[in-house]
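A.B. asks: Here are the chains, one letter per residue:
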Amino acid sequence: MRLKDAADASAWTEVLAIYGPLVFRMAQRQGLQGHDADDVVQEVFSAVSRSIHTWLDQDHRGKFRHWLLGITKRISINALLRRPLASVGAGGSGAENLLRSIPEKEREVLEQVELEYQREVYRWASLKVREQVNEVTWQAFYLTHVEGLESDLVAKQLGITKGNVYVARSRVMNRMREIVKRFEVQP
Amino acid sequence: MKEHLTECSDDALKRLLQEVPNQEADIVVIGHVEHCVHCQSRLYDLAATSRDWNAAKASLSSFDSLEYSREEKRYLAHAENPGETCDEKSWMEEFTRQWLQPPRHPELLGRIGRFDVERWIGSGGMGVVYKAFDTELNRPVAIKILAPYLAGIGAARQRFGREARAAAAIVHEHVVAIHNVESNSESPYLVMQYVAGESLQQRLDRTGALELCELLRIAKQTAAGLVAAHAQGLVHRDVKPSNILLEEGIERALLTDFGLARAADDASLTHTGYHPGTPEFMSPEQARGEAVDVRSDLFSLGSVMYAMCTGRSPFRAESSYGVLRKITDAEPIAIRELNPSIPEWLALLVQKLHAKQPADRWNTASEVHDLLEGCLAHVQNPTSVELPQTLQPSPRRGWWQRMRRDSSGTRKAMENSQWQTLYFMVGCMVVVGGVTELVMLAPTVDRAKPSRANSAIDDAAKEEVEGGNSENRVMNVTPERVAAEKSWLDWDWGDAELRAIESSSVELGNEAQKWDSEPRGN
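The listed protein sequences correspond, in order, to chains G and E. Sequential numbering from 1 applies to the first sequence in my numbering. Sequential numbering from 1001 applies to the second sequence in my numbering.
Just chain E, same shape as in the assembly (with noise of 0.2 Å):
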């Protein structure tokens, strides 16, 4: 304590805590303290208690690294993003080693079986696919290897071998073939028909979003490969781009990786949690853990087309706890405001396909297929052909009046006021339309006022009031017509209730925080 250069000041010790010590003064205190037992000790003291001190150095002397290890952050990184893996690609050349046999030929990879394997195609949750040749059918086949640490795990290797006899059952030209399985190997996999060309997935990278007439086609043809799925009692459950092959050349949409398909009455293996792969397609039973049946299929099936009108999946989010939640809980931004070019009627579609409760959408694969059928054909030749009765724009006979009906919560509400508005918009223009006098109620006859025009319900609207009656035109814009124009425009609600969910997100976010934050027992 001889060379006080400063006094003791804990103000001065607080601010070398709190600061960058870079001024003079600090200097001088620092070179106090370097001699000042007593202002080392207040250091010490006023940076945390002695029970923090001790906590500190027992935790952080009790790992080797502080650094989180390969194996945490593969770990982690999987945890975050299911079924993926940091280094895909030094574990699938580990496992093409393992159990492959050397190749006949120095630019194959290896063989198995009476198969020639040529490249790796993928991996999946369960295995790896590679494009193999088979040497006494002279043609080239795709072989789906259960991964081994699936391998050596009966339950595994059973629902592998299930679901390759219940996919091969499946005989239809919008599925993948399975031409064999083997399961008695050391390795089991099975053998399936070669589909050159690339995955939706890989399309709607490469492309963004597609053209209409294309998205309908796909989307037709991946539901007549659920109809014949669903015929056989299975449930695809993993209906993503990435599962949806598109042909070369002739573009013929085939449904693939029946991996997580299961028959429907098969409950022995489902309740572990087992996550497959990712969330971002699930329908909310899925991600909620519960039940699943054929509507779950026709729920991811409204999110295949919602990527293929927008570029983009429905339920994005950074973790895919985020994702799960946006799927139960949030109604996804409308297609139309990321596309405008989407006919109204092919949102509609898309909403009803993602009604949060199964009972709100179709009921099977079937209805689905025939209604897109319809609309393919609509497009093709709109003169000839009409629009499928149900996406016909009247409120008598269209679907949203029974999902008015039905409709649930929140949505019912604003549905509901929505609908009111139509009906009591489209009763106007009739009543108006049959009696002239009320002409004269209309006040301006404003044609500057834009209306949207894309919308399908409104120009049906005009048109069922444009029975011979010149005068509608005058309707179109009475105060009631004003009305219901804003309220259309509020259609797109989207945006509103994602801003709704995403304030509560940030309440879980704190939440997290407060996870543990009882009142401390001392």
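So here's chain G without its partners, still in its complex pose (with noise of 0.2 Å):
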């Protein structure tokens, strides 16, 4: 009982980390700030939490993701109306601007979510397999795969041979893959 009561809440705290981050910054992207994106974030997760099960049981559901877009975009757009008018911006309410400007961005949309979904889960996964090497064995992949450095100079940074800077990196690449591909991520 308690193994399955924990591997449901590690679930749920996997979806949080990924997806909250992306629903934040998706209701910045709605033009919130600070505070009210924040509120967001509590406010999309609780509906989700409402009515994931009706979600579930739809037989051609999409995407998670796109579900929890068209939450945020709701959501986002009540706590605009919901603002003085004053902070919205000049020239009408911007809520209005928005809700005008969302047919014709919507791909654009879709594929930023896309991209910032990719962002979340390589962040997360990067953050799993922190978790499972040692750090010499991290560095080697960061330092010359994300941050270019030659594996020469990394090597002897590290103080560790060359041959053990490509062994660490294509380790450290193998096991955020297989982190990776629990959640599909869309290249």
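It should be emphasised that the hints constitute simulated quantities derived from the structure, not laboratory data. Just so it is clear, CB atoms sit at the ideal spot from N, CA and C, and this is done for glycine as well. A portion of the hints provided could be inaccurate.
[Stated by the list, open to error] If you anchor each label on the Cβ, the simulated ranges turn out as follows: (1) G:Glu114 x E:Glu1367: 52 to 62 Å; (2) E:Pro1140 x G:Glu114: 49 to 59 Å; (3) E:Ser1183 x G:Gln28: 41 to 51 Å; (4) E:Gly1233 x G:Thr54: 30 to 40 Å; (5) E:Gly1233 x G:Gly70: 50 to 60 Å; (6) G:Lys181 x E:Gly1233: 47 to 57 Å; (7) G:Leu115 x E:Gly1113: 50 to 60 Å; (8) G:Thr54 x E:Cys1213: 41 to 51 Å.
Both chains come to you apart, so use the hints to assemble them.
C.D. replies: Laid out in structure tokens, this is it:
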């Protein structure tokens, strides 16, 4: 019983870790900042927990993150409309402009969401991998592949052989891919 | 390629990827890789596709820091435990500094209006509560200040004002009184009666489950507070142990924080999905975001009573999402499983408050209040005061008879079978009690058979037959009786139910990973 509980909870933590920042930025892109965007994250997740059953029951439900995007938009717009007009911006309601601009930007937004999603998944995966490998192994990957430094230089800096740098880099990438695979990141 | 220490081998490379390289052989392979360009590129390809490598680079290089920032951690915690912030204390100090005028005495926190603020009491969904002193009326008060980020929102200010006006209209010995509202100042606040003592939550944390008399008294007084609120058309919406204050000394219970209470017809601010505080004491209709009425408060009262009976809240999970699921789908563990000293009738009372369908609960708080009052009188004086009729274990007039008709779904099926067994059992005994010949059918008198001593219903069933007929002890162990006994032992089915729910949670857990697993488009 305990184990199953834990599995459920950890799945939810994972969802929050990946989709939380995603929703936050989606809300920011709808024109909300700081506390307001914060509130949206909170509201989105309570909306999700209320309606996830219904969504899961649908046959053609599409992607979770697209559904999430829809919820985020709706809640962001509510939040924008709730704010006093003065802070929405000159020349009319920002929310109205936002509403009008939605259809034309739809594709762009979806692409952006995919990209953000990929970023968050890799970020989550990188943190998981770092928990599993030692710091030198991680640095060998990060410095050569992400920062683009020469392997010679990195080997010297970390005090390991160049062969070890190659192996470490691939080991990290291999593990990261195993984690990312579960989330079906679309390139 | 001049220094081939080993032959190029994909297997050796794969092993390097998968296992911690610590063997002699691995070191040789690593030495080989260092110089073999072919193996370097094989190692790269075996680890991941070049598309993955590129995605990793693009994704990870776009972050200044891969660690979650303080802010991100805060709202992640927020999403998980709404109403709580990670560093509440520093936020509190900041809040105090910003919103209070400097104190007149170094031991005080500050001033607001004519009030000297003495200390911080707590913070809720909408603001912060301080203990203060009214310098004109010379009395201690509690002051609740609307959180600054809400003060900037017109709707929130209005709600705050409305809350205060609505709550101020309730004058009752079991509701914390509102003295004054200041909604025009930069930081709106309301002035309330100061109650010296602790909250029920603090009490439960300190002592665990409460004693029967005490818990009935607190439940009764809370119900009385609800009656007063409901009479004003207010649904409290946030009945939970931390909102029930216990006055020091006389231990009078007072209901407070109508922070989410609102006039029942005011629907304007509700459908934003705002998540009020901890969901553990929510009703299923609240958890689903549906319209609520007074019966929602009755469900929450049931949860509070459950907590007083057992020392723990009924619907618990690691995340608030899990809690919401349990509230809507699961039955809590049977009270008497956690605390066998609670009488069956009380467990059944809480169970009825916990009916998932509002129609299956009582209709009004006053019915519940009167019932609890009767229970308390009975417990305090069991010899001269009877248990209220509706709770008395007679199948002919008990509310469970109605419940049998009303309830739906699996519960209904289970209850049906249980009630049928009960009727059958009682029926059998009555018939058997009257017709002595049937005594012969009772095969053995097995007195050693353990019976459910605490079951009020069993006892009553016995009493009912005990109409001067000494034979009925024998009747109690007819085969029917044994079968009935067995089915009564199944009464505490909460656990089985829970297991069913838990296995479905796991399905969802797996589902979470499948959420995006539609076929790839390439």
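A.B. asks: Between Thr54 of chain G and Cys1213 of chain E, does the beta-carbon spacing fit 41 to 51 Å?
C.D. replies: For Cys1213 of chain E against Thr54 of chain G, whose Cβ atoms are near 45 Å apart, the range 41 to 51 Å holds.
A.B. asks: Is the hinted range of 49 to 59 Å satisfied by the C-beta distance from Pro1140 of chain E to Glu114 of chain G?
C.D. replies: Hint holds: Cβ distance 58 Å, inside 49 to 59 Å.
A.B. asks: Would you say the C-beta atoms of Gly1233 of chain E and Gly70 of chain G sit inside 50 to 60 Å of each other?
C.D. replies: Cβ of Gly1233 of chain E to Cβ of Gly70 of chain G: about 35 Å, so the range 50 to 60 Å is violated.
A.B. asks: Indicate whether the distance between the beta carbons of Glu114 of chain G and Glu1367 of chain E respects the range 52 to 62 Å.
C.D. replies: Because 55 Å falls inside the window, the suggested range holds.
A.B. asks: Falls inside 50 to 60 Å, the C-beta gap from Leu115 of chain G to Gly1113 of chain E?
C.D. replies: holds, 52 Å
A.B. asks: Confirm or reject the claim that Lys181 of chain G and Gly1233 of chain E have a C-beta distance inside 47 to 57 Å.
C.D. replies: holds, 55 Å
A.B. asks: Using the beta carbons of Ser1183 of chain E and Gln28 of chain G, state whether their distance is inside 41 to 51 Å or not.
C.D. replies: With Cβ atoms ~31 Å apart, the hint is violated.
A.B. asks: Is the distance from the Cβ of Gly1233 of chain E to the Cβ of Thr54 of chain G consistent with 30 to 40 Å?
C.D. replies: About 31 Å separates the Cβ atoms of Gly1233 of chain E and Thr54 of chain G, which means 30 to 40 Å holds.
Checked against the numbered hints above, the structure breaks hints 3, 5 and satisfies the rest.
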